[in-house]
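Q: Model the full assembly from the supplied sequences, consistent with the hints where possible.
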Amino acid sequence: MTDSLETLVETALREGALASLGLDLEALELTPAGNKRVLRIAVDRDGGVGIDHITDATRALSEVLDASDVMGEQPYTLEVTSRGVDRPLTHPRHWRRNEGRLVRLRLADDSSVDGRIATCDDEGVDVVGRTTTRYPYDQITSALVQTELNRKDA
Numbered sequence: 240m241t242d243s244l245e246t247l248v249e250t251a252l253r254e255g256a257l258a259s260l261g262l263d264l265e266a267l268e269l270t271p272a273g274n275k276r277v278l279r280i281a282v283d284r285d286g287g288v289g290i291d292h293i294t295d296a297t298r299a300l301s302e303v304l305d306a307s308d309v310m311g312e313q314p315y316t317l318e319v320t321s322r323g324v325d326r327p328l329t330h331p332r333h334w335r336r337n338e339g340r341l342v343r344l345r346l347a348d349d350s351s352v353d354g355r356i357a358t359c360d361d362e363g364v365d366v367v368g369r370t371t372t373r374y375p376y377d378q379i380t381s382a383l384v385q386t387e388l389n390r391k392d393a
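For any residue, its number in this note's numbering is found by taking its place in the sequence shown, counting from 1, and adding 239.
Where hints are given, some of them may not hold.
Said to hold, decoys possible - Lysine to any residue pairs mimicking SDA-like chemistry, simulated, CA-CA at most 25 Å apart:
1. Lys275 x Glu312
2. Lys275 x Ala306
3. Lys275 x Glu302
4. Lys275 x Glu245
5. Lys275 x Asp308
6. Lys275 x Arg340
7. Lys275 x Thr246
8. Lys275 x Val324
9. Lys275 x Gly311
10. Lys275 x Leu317
11. Lys275 x Gly287
12. Lys275 x Leu247
13. Lys275 x Ala299
14. Lys275 x Val309
15. Lys275 x Glu249
16. Lys275 x Met310
17. Lys275 x Leu304
18. Lys275 x Ala258
19. Lys275 x Arg336
20. Lys275 x Arg298
21. Lys275 x Glu318
22. Lys275 x Asp295
23. Lys275 x Ile293
24. Lys275 x Glu338
25. Lys275 x Arg322
26. Lys275 x Ser259
27. Lys275 x Leu260
28. Lys275 x Gly261
29. Lys275 x Leu244
30. Lys275 x Ser307
31. Lys275 x Asp305
32. Lys275 x Pro327
Read the hints as simulated data drawn from the structure, not as lab findings. Note that this is a predicted model, so its numbers are computed, not measured.
A: Shown next as structure tokens:
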């Protein structure tokens, strides 16, 4: 993927029509698909991303891409999606947006912890398991939200 493509999409998110939606760029992936390409863009925002946000984001990004030559002459398909629950928590905003959710942490000492996200800030997160424990982000090597199909206290 070219730096110019990523820069163009980031600019559209920060300064363009998408800025009013309050969207954050979470992932950008360009992959071959036969004789064309697929450009997948994952976005997120406080309060979650609904179908209207995806529709508006797709329309705005399509206009930006069509007005530039960054995608070249080869045909492509644009897919805009939400961040999804299978992506790791890597930024403080991810933790904030998932407060109350069950999470599995892998720590720097190679241990793992399961618990519920209580509170978080720019330095770390409080996770409730058997006790509430504070984990600085630099001690967490990976973190994934766990899917709960039958949460009793929801």
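Q: Next step is simple, just say for each hint if it's right about the structure.
A: Taking the hints in turn, this is what the structure says about them:
1. Taking the CA atoms of Lys275 and Glu312, the gap is near 10 Å; set against the 25 Å cutoff, the hint holds.
2. Among the hinted pairs, Lys275 with Ala306 is consistent with the structure: their alpha-carbon atoms are about 19 Å apart, no more than 25 Å.
3. Among the hinted pairs, Lys275 with Glu302 is consistent with the structure: their alpha-carbon atoms are about 19 Å apart, no more than 25 Å.
4. Annotation: proposed proximity of Lys275 to Glu245 holds, straight-line Cα distance about 19 Å (limit 25 Å).
5. Among the hinted pairs, Lys275 with Asp308 is consistent with the structure: their alpha-carbon atoms are about 16 Å apart, no more than 25 Å.
6. Between Lys275 and Arg340, the direct Cα distance comes to roughly 39 Å. Violation of the 25 Å bound is thereby established for this hinted pair.
7. Restraint check for Lys275 and Thr246: satisfied, since their Cα atoms lie roughly 22 Å apart, inside the 25 Å limit.
8. Among the hinted pairs, Lys275 with Val324 is inconsistent with the structure: their alpha-carbon atoms are about 28 Å apart, more than 25 Å.
9. Among the hinted pairs, Lys275 with Gly311 is consistent with the structure: their alpha-carbon atoms are about 11 Å apart, no more than 25 Å.
10. Note on Lys275 and Leu317: the hinted pairing holds, with a Cα-Cα distance of about 11 Å set against a maximum of 25 Å.
11. Of the supplied pair hints, the one linking Lys275 and Gly287 is violated, its CA atoms being roughly 31 Å apart against a limit of 25 Å.
12. As the CA atoms of Lys275 and Leu247 are separated by approximately 20 Å, the hinted pair is consistent with the 25 Å bound.
13. At most 25 Å may separate the alpha-carbon atoms for a hinted pair to count; Lys275 and Ala299 meet this at roughly 21 Å.
14. Taking the CA atoms of Lys275 and Val309, the gap is near 15 Å; set against the 25 Å cutoff, the hint holds.
15. A threshold of 25 Å between alpha carbons decides the hint, and for Lys275 with Glu249 the separation of about 23 Å falls inside it, so the pair holds.
16. Of the supplied pair hints, the one linking Lys275 and Met310 holds, its CA atoms being roughly 11 Å apart against a limit of 25 Å.
17. Taken as a hint, the Lys275 and Leu304 pair is honoured in the structure, with Cα atoms around 16 Å apart against an allowance of 25 Å.
18. Simply put, Lys275 and Ala258 have alpha-carbon atoms about 29 Å apart, too far for the 25 Å limit, and the pair is violated.
19. Between Lys275 and Arg336 the CA atoms are separated by roughly 35 Å; this puts the pair beyond 25 Å, and the hint is violated.
20. For the hint linking Lys275 to Arg298, the alpha-carbon distance of about 20 Å falls within 25 Å, and the restraint holds.
21. For the given pair, Lys275 sits about 13 Å from Glu318 by alpha-carbon distance, which is consistent with the 25 Å threshold.
22. Distance hint between Lys275 and Asp295 is fulfilled; the C-alpha atoms sit about 24 Å from each other, no more than 25 Å.
23. With a C-alpha separation of about 22 Å, the suggested pair Lys275 and Ile293 falls inside the 25 Å cut-off, and the hint holds.
24. Distance hint between Lys275 and Glu338 is unfulfilled; the C-alpha atoms sit about 40 Å from each other, more than 25 Å.
25. Note on Lys275 and Arg322: the hinted pairing holds, with a Cα-Cα distance of about 24 Å set against a maximum of 25 Å.
26. Restraint check for Lys275 and Ser259: not satisfied, since their Cα atoms lie roughly 31 Å apart, outside the 25 Å limit.
27. Between Lys275 and Leu260 the CA atoms are separated by roughly 30 Å; this puts the pair beyond 25 Å, and the hint is violated.
28. A C-alpha spacing of about 31 Å is found between Lys275 and Gly261, which places the hinted pair above 25 Å, so the restraint is violated.
29. Distance restraint check for Lys275 and Leu244: the Cα-Cα separation of roughly 16 Å lies within the 25 Å cut-off, and the hinted pair is therefore satisfied.
30. Only pairs whose Cα atoms come within 25 Å are accepted, and Lys275 paired with Ser307 is accepted, the gap being roughly 18 Å.
31. The suggested pairing of Lys275 with Asp305 holds, with an alpha-carbon distance near 16 Å, which does not exceed 25 Å.
32. As the CA atoms of Lys275 and Pro327 are separated by approximately 29 Å, the hinted pair breaks the 25 Å bound.
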